[in-house]
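Enquirer: Residues per chain, in single letters:
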Amino acid sequence: MVAQTLDSSWQGVLAKVKNWARINSPWAIHFNSGSCNGCDIQILATLTPRYDVERFGIKLQGSPRHADVLICTGPVTMQARDALLRTYEQMPDPKFVIAVGSCGLSGGVFHGCYNIVGGINELLPVDVFVPGCPPRPEGIIYGVAVLLGALKSGKRPEPIQWSGTGLDGVLHTGSKLEDHHG
Amino acid sequence: MASTIGALGAVEAVLEPLAVSFNRPQPERLDAVIRPDDLLTAVRTMVNESWGFLSAIVGLDHPAPAPVEGEAEVEGSIEVLYTFCKGAAIAILRTTLPYSQAVLPTISGLLPAAMLYEWELREMFGVEVIGLPVTGHLILADDWPDGLYPLRKSFVGFNGEEKSQ
Amino acid sequence: MNLSLHPILVLLIFPGGLFLLASGLIYQWADRKLIARFQNRVGPRFIQPLADTVKLLAKEEIIPTGVHKGLFLVLPVIALAAALTAGLYVPMFGFQPASSFRGDLIVALYALSVLTLTMGLAGANTISRFSLIGATRTLTQLFSYEAPFLLTLLGPAIAAGTWQISKINDYAGQNIWLMIAQPIGFAVSLIGLMGKLELPPFDAPEAETEIVAGAMTEYSGRGYALFRLGKDVELVIGLTLVATFYLGGLANPLQFVIKTLALLLVLALLQTAFARLRIDQTVGFWWRAGALLAVVQLIAILLGRYFTTVF
Amino acid sequence: MSADTNKFVIPIGPQHPALKEPANFEFWVDGETVTGASVRLGYVHRGIEKGAEARTWVQNLYLMERICGICSHVHATAYTLGVEKLAGVEAPPRAQAIRQIMGELERIHSHMLWLGVAAHEGGFDSLFMYSWRDRETVMDLLEKISGNKVHYSANLLGGVKFDITPELAAEIHKGLEFLDERNRFYLKVVNQDETFIGRTRGIGTMTAERANFLGAIGPTARASGVAHDIRVDAPYLKYSEFPIKVETHTSGDLHGRFIVRINETFESIRVIREILDHLPPGELTARMPRRIPAGEAISRVEAPRGELLYFVASNGSDKPERVKVRTPSLCNWSTVLSLAIGLKLADMPMLLTGIDPCFSCNDRSVSVKRGTQDSSMWSWEKLRQYGIEYYR
Amino acid sequence: MPIGTMMSDLVRSLFKKPATELYPYVKKPAPARLRGKLTWNPEKCTGCQLCIKDCPSNAIDLVTIDKAAKQFVMRYHIDHCIYCAQCVVSCRFGCLALSNVDWELAIGNKEPLGIFYGKEENIARLMEQIANPGVEQPATPE
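Residue numbers (my numbering), protein chains in the order written: chain A, 196 to 377; chain B, 112 to 276; chain C, 4 to 314; chain D, 3 to 394; chain E, 1289 to 1430.
Just so you know, the hints here were simulated from the structure itself, not pulled from any lab data. Just so it is clear, CB atoms sit at the ideal spot from N, CA and C, and this is done for glycine as well. Among the clues, some could well be false.
Unchecked claim - Which chain D residues face chain E? A few, computed with CB under 8 Å, are given here:
(1) 132
(2) 135
(3) 146
(4) 195
(5) 246
Claimed, not checked - Within a straight-line C-alpha distance of at most 25 Å, the following computed SDA-like cross-link-like pairs (lysine to any residue) qualify:
(6) 321/D <-> 265/B
(7) 190/D <-> 1401/E
(8) 240/D <-> 96/D
(9) 254/A <-> 64/C
(10) 213/A <-> 76/C
(11) 290/A <-> 316/A
(12) 1304/E <-> 261/C
(13) 1315/E <-> 1380/E
(14) 1304/E <-> 250/A
(15) 190/D <-> 200/D
(16) 264/B <-> 209/B
Claimed, not checked - Some chain D residues near chain B, calculated using beta-carbon distances under 8 Å:
(17) 52
(18) 235
(19) 300
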C-alpha cells in the first residue's frame, strides 16, 4: 500500500534498502530430507567458532516462519517428501533454497533406490547447488556467498568456468596411487 | 577361542532334540536348521539357558527356480535367521517358510527387543508374524502400496527397472 | 543535566522513540558480539541488528489459521509501545528522565511486565502446540522472577526514601554505590534482570531446541520484528535501571555508557557460562533463592535505617 | 492445557532444530511431564539393502559408507571384513592397523560431536561451540590422511587406499595431545558444572538388568555397568594386538553416559598412539577377486554407538545376494521410549541424544508406533507393563 | 560443586584472538590429499571403462569419438560424483586424479554440472554431433 503511492525514485531506494537488508541478514533453516547426516554435521560445523557464519548474519532458526534460506540435504525420501514441502510452504516470501551435497543434487550414491525421489530440485526451485559428499564447511559458505552475490546482482547466479582439462591438482596418497602420476 | 568352542558345544547340546541338522560354516558360528513350529521352543530354550542375546533377525528370499518341465512346480521360500551372539560365538536358528505359508509365531513375548526386528521382517518380506501387537507402517512411507514387499527378489523398484549398470 | 526540549521532540526523537530503538539495536549487537567473543567466535557485524529488523519488516506477514486476526496483529504493537513508554521514566543516556513523578518506578516496571504479558498472550493466541507450551512457560517464568526483581529494586528506593527514579538517581549519585551497601540486592537484581529478559540460563520460554521458538513460533515478518525490538528496548531499560540503582546513578552520557556496558559484560558472561535451566528448576530457583535473598536484603536495609534514625 | 482428554500431544520433528535428522516423535504430555512416547522413523529410509543387491561389491562399499555420516568408516570396515571373510582374503597387517587407527579417530570425532550436540540441546551453547571447535582438530587430521572430513573412504576390498607417512604420524601425535588436554577439561566441566549436572543427573536412569532386558548396547549400556564391547568380546582387526579397556560407569543416567563417552575418547587416544608407535610395515592391499565365491558371512564391529552387525551373503556373482545391516541405535531405541515416561518435556531432547541416536543408521529397519488403547494397537504402556509382569 | 566451571575458559577467550578463519577473505591452502573435482588425462586413456563400471554413482560417461585412434570425450557429472576416488584406484593407466584445488564447486544452475573433458577438436565434433543428430553417428554415449 505504501509502495504504490511512492513515485518510482522512492521505490528504487526502498527496493535497494530491502535488498541490502536481505543480503546482510540471511536467516537459515536446515532440513534433512533423508541425508546420511554427513552434510548436516558440516552445516552445523559452519556455526562453530572455526567458520562462524554469524559474521555474515546467518543464524540457524528454529521455526520456518523466521527463515529466509532453506538449506536442504538428502535425496528426499518418500516419507520426508511432504514434510519438506510443508516446511517450504511455511516459509514467508522471499525465500531461497540451497541444496547441499551430491544426494541433494541428484540422489548421489542412492540413485535407483526404491524409496527416494532423487534430487531436491525435483520438488523445490533450488537457487544454489553445493556439490560434495559432504562439501567442506568452506564449500557451504562459498555456496551461501554465491547466493548472496546473485541477490546483489539481482539475477540468477551465473555459472563459473573451471579449468576443465588441467591436471593441476593431483591426488597424493603416498601409496601405489602415487606412482601412477609420477 | 576356547570359550567360543565351549559355548557352541553347549548350545549344540541344548538344541540337539529340536534341530533338524547342524552346520559350522565358520569356526565361531553354528547354524541349526529348525522347523517353523519348533521355533518358539528353540528360542525358549536359548532364553532359559540365557545364552547370549538376540542380535538380529535376517530374512533371505529364495525365489522359485525356473520350472524344469519334468519336475513339479517348486515354490519359492523365505528363510529366516535368528542370530544369537554370546561373546565371539554366534548361533543362528534357521527356519524356511514357503511363500504360501509364510507364517511365524512372535518371540517378542520372550524377548521384547525382538518385536522391533520382527516388525521389519513383516514389512520387508511379508512374513505374517502371529501375535505381533503392532500394526501400520514402520520405515516405509505411509502411502506405500500394501502387499508390496521391497526386499523380495520379485520387487524390482517402482519404475520397473533398477537404474544401475 | 536537564533537557528543555519540546515534549513531542522528547517523545519521538531524543530519549523517547528513535533514540531508544537505536540504542536497543546497538545493545543487541553488543550483547551478541560479547557472547560470540566469549565463545571464541568473531560474532556479527555492527549493522547486523538493523539489517535483521529491516529484513523482517520487508518480509511477507503470514497470518496462521485458527488465530484471532485482530489480536494477532495488535499484540506486537502493544509490546513495543509498552517497552517504549517504560523508557520515558528512565534516565536514558545520563539525562534526566523525560517525565518523572512520584511512583514512576512502579509504572516503569509495570510497563515492562506488559511486554512479557503480550508475548505470553501472543503464544496462547495461536493453535500451534509449540507456542502454547511457550506461552505457559513465559507466564510461569514471569510470576517467578517478578517478585524478587521488584523487591531488589525496592531496596534502593527505601534507602533513597522515594519512589521517583530521578530522585533515586540523584541519591545514588551522592552516596556510596548501593552495590557495596546492598550487595545481595545487586546480585539478585542482576539475575532478576536476566530472568526478565529471558536470557539463558532462563530462556526456557523460547528454548530453541525443545519448542522451536516458543511463543514466537507463529510470528513472521512485521510482528516478529516488533517483538524483537521490544525485547531489545527492554534490555536497554533493564540495564539503565540496575545501573542507576546500584552503580551510583547516571549523571552524564559517559557514565551511562560505561556502566551499562560493564553490566552487559557481566550479563554476557553469565549467559554463556550456564546450561539452560528447566522451567521447574527456574521457578524453584527463583522462589527458593531469589525471593528469600531479596527479603533478607530488605530486612537488612530496614534494620539499618531504624538504627540510624534511632541513634 | 489439554487439547484432547488429559493428554497433550507434542510432535517433535520431522523438522525440529533439536534433531540433526528427521524423526517424528510424539510425546503424550500432562502439563510438563511426559506420560507416553512414540516414534515414527522412515524419513531417512532410502532402501539401501535393496539397492545393495543391484550394485557390484566395489560400489556397495561406498553405499554402505553413506548409511551414516558419523560412523561411515566403521560401516565400511564391517562390510569389507564380511566380504574378505567370504572371499577368504586377509587384509595385510599394515592395512588392518590403518583401519583401526581410522576407526578410533572416527570414535573420537563421533564422541566429541555428540558431546557438543547433547550440550546444545541442554542449552549449554558454549560447551557446544568449544567442543566442536576442538573437534575440528580431529577432522583436520582425518582430512590430511584421507582427503575428506566425514566420508574418509579409507577402505578398499582387501586393504586400504592410502598410507600413514611418518610426517602424518607426527601430526597425529600433536593433534592427539591437544585433544587429550581439551577432553580432560570437558570431563571436569561435565563432572562439576552445577547447571549441567542439574540437567543430566537422574535423567533416564537405567539399571543393568533393565539395560540387558531392553537390549541396550554400546555406551548407553556401559553407562549402566553392562561391560559389552565387541572390541574385547570378539576382537577383530588388530584389537587383539592393541587391546582396549572397557569403560563402564554405574550411575546409568544421562550423566553417566557423558562420562563413559569422554573416557572412551581417552581410551581411543591411547590406542592410536600405541598403534602409531608400532605400525607394522608391509603392503597396503591384498589381491581381491571381482566375483566373490558363494556363501554367507557375519561380521561384528564396535561402532561409536554400540555393536554393529553385518550379514553378507553372496551367490558367486559380482553382485551380493543379500546385505543385512543391524545398527546399534536400533537396539537403544526401546530404552529411550520406555525411559521417557515420567520425565519433563524439557528433558526429551537431552534424553533422545543420550543414546546418541543415528536415525540414518537404523532407519533402514525399525521403529515403534504407538496408538490408542484399542485392540489391535499395542501401546508402549502395554509393552512396559508386559515387560514388568514377564520379568517378575 | 563450583558453578560455571567453563568461566575460566570463557574469560580467557575474551582476550584471545577468535578461532575463526575469515574464509572468503583469507583462503587457507587445502591439504594435499583433499579429494575435490575429478580431472582426466585424455592421452593415457585407452577407453577400458573400468572407472565407469566401478563408479558407485554413475558420475562418468565415456563417448568414443574414434576407437582406433583412442580418441574419447569424457562427460563428468559433478552433481552425481561422491568424490570417493574409487575410479582413481581402478584406473590402471593413471589418467584420473581428484584435484585438491577445485573444491569450491557451488553453482547457481544445474547444466554446467555436467562438464566435458577431452581434446578441443573432439569436444567440438561431439558438440556439433549433438547439435544435429542427423549427421553420421559415432557410438552413442552410454
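Enquirer: Now tell me if each hint is right for this structure.
Expert: Results of checking the hints against the structure:
no., hint, verdict
1, 132, "holds (7 Å)"
2, 135, "holds (5 Å)"
3, 146, "holds (5 Å)"
4, 195, "holds (5 Å)"
5, 246, "violated (28 Å)"
6, 321/D <-> 265/B, "holds (16 Å)"
7, 190/D <-> 1401/E, "violated (49 Å)"
8, 240/D <-> 96/D, "holds (10 Å)"
9, 254/A <-> 64/C, "holds (20 Å)"
10, 213/A <-> 76/C, "holds (22 Å)"
11, 290/A <-> 316/A, "holds (15 Å)"
12, 1304/E <-> 261/C, "holds (22 Å)"
13, 1315/E <-> 1380/E, "violated (34 Å)"
14, 1304/E <-> 250/A, "holds (18 Å)"
15, 190/D <-> 200/D, "holds (15 Å)"
16, 264/B <-> 209/B, "holds (14 Å)"
17, 52, "holds (5 Å)"
18, 235, "holds (5 Å)"
19, 300, "holds (6 Å)"
Checked against the numbered hints given earlier, this structure breaks hints 5, 7, 13; the rest are met.
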